[in-house]
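J.: First residue of the sequence shown: 231, per this note's numbering; consecutive thereafter.
Calculated directly from the structure, the hints in this document are not laboratory data. Hints are supplied without guarantee of correctness; some may be wrong.
[Said to hold, decoys possible] EDC-like, lysine to aspartate or glutamate: derived pairs with alpha carbons at most 20 Å apart:
no., residue 1, residue 2
1, K268, D245
2, K232, E250
3, K257, E239
4, K243, E255
5, K271, E293
6, K277, E250
7, K242, E252
8, K271, E291
9, K271, E250
10, K268, E250
11, K268, E252
12, K235, D245
13, K271, E295
14, K257, D245
15, K237, E255
16, K303, E293
Just so it is clear, the structure is predicted and the values come from calculations on it, not from any experiment.
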Amino acid sequence: MKIWKHKNELAKKVDSLTIEKEFLEGKLVSLLSISLNKQCKLLGISKSSLYYEPVKKFSSEGELELLIIFVSKDSGEVSSTRRYI
Numbered sequence: 231m232k233i234w235k236h237k238n239e240l241a242k243k244v245d246s247l248t249i250e251k252e253f254l255e256g257k258l259v260s261l262l263s264i265s266l267n268k269q270c271k272l273l274g275i276s277k278s279s280l281y282y283e284p285v286k287k288f289s290s291e292g293e294l295e296l297l298i299i300f301v302s303k304d305s306g307e308v309s310s311t312r313r314y315i
């Protein structure tokens, strides 16, 4: 009985390792057979890096100032812009 149990455990491990190997080689037909957490672990990346969107940099100081003015007018609060030289 112990032998059959051990054999089944080894078969599951072989299946798991086969799926991981195929994933890393790009041969896996469906990514649904392996969890997103497992995919990230195999690739050595954090899960949060999948959802990260780079922040757009402003092309000029004027563009940033226009955005600040637009947001402040949209919020309805009275404010002024200051320039430090």
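J.: Now tell me if each hint is right for this structure.
T.: Against the structure, the hints:
Proximity of K268 to D245 is assessed by CA-CA distance (about 15 Å); at most 20 Å being required, the pair is judged to hold. With a CA separation close to 27 Å, the supplied pair K232 and E250 exceeds the 20 Å bound. Restraint check for K257 and E239: the C-alpha separation of about 24 Å exceeds 20 Å, so the hint is violated. For the hint pairing K243 with E255, the CA-to-CA distance comes to about 18 Å; that is within 20 Å, so the pair holds.
Only pairs whose Cα atoms come within 20 Å are accepted, and K271 paired with E293 is rejected, the gap being roughly 40 Å. Proposed proximity of K277 and E250 is supported: the alpha carbons are some 17 Å apart, at most 20 Å. The suggested pairing of K242 with E252 holds, with an alpha-carbon distance near 15 Å, which does not exceed 20 Å. Restraint check for K271 and E291: not satisfied, since their Cα atoms lie roughly 41 Å apart, outside the 20 Å limit.
Distance restraint check for K271 and E250: the Cα-Cα separation of roughly 11 Å lies within the 20 Å cut-off, and the hinted pair is therefore satisfied. Taking the CA atoms of K268 and E250, the gap is near 9 Å; set against the 20 Å cutoff, the hint holds. As the CA atoms of K268 and E252 are separated by approximately 13 Å, the hinted pair is consistent with the 20 Å bound. Restraint check for K235 and D245: the C-alpha separation of about 16 Å stays at or below 20 Å, so the hint holds.
Under the criterion of a C-alpha separation no larger than 20 Å, the hint pairing K271 with E295 is inconsistent with the structure, at around 42 Å. Restraint check for K257 and D245: the C-alpha separation of about 15 Å stays at or below 20 Å, so the hint holds. A distance of roughly 27 Å separates the Cα atoms of K237 and E255; the hinted pair therefore is violated under the 20 Å criterion. With a C-alpha separation of about 15 Å, the suggested pair K303 and E293 falls inside the 20 Å cut-off, and the hint holds.
Checked against the numbered hints above, the structure breaks hints 2, 3, 5, 8, 13, 15 and satisfies the rest.
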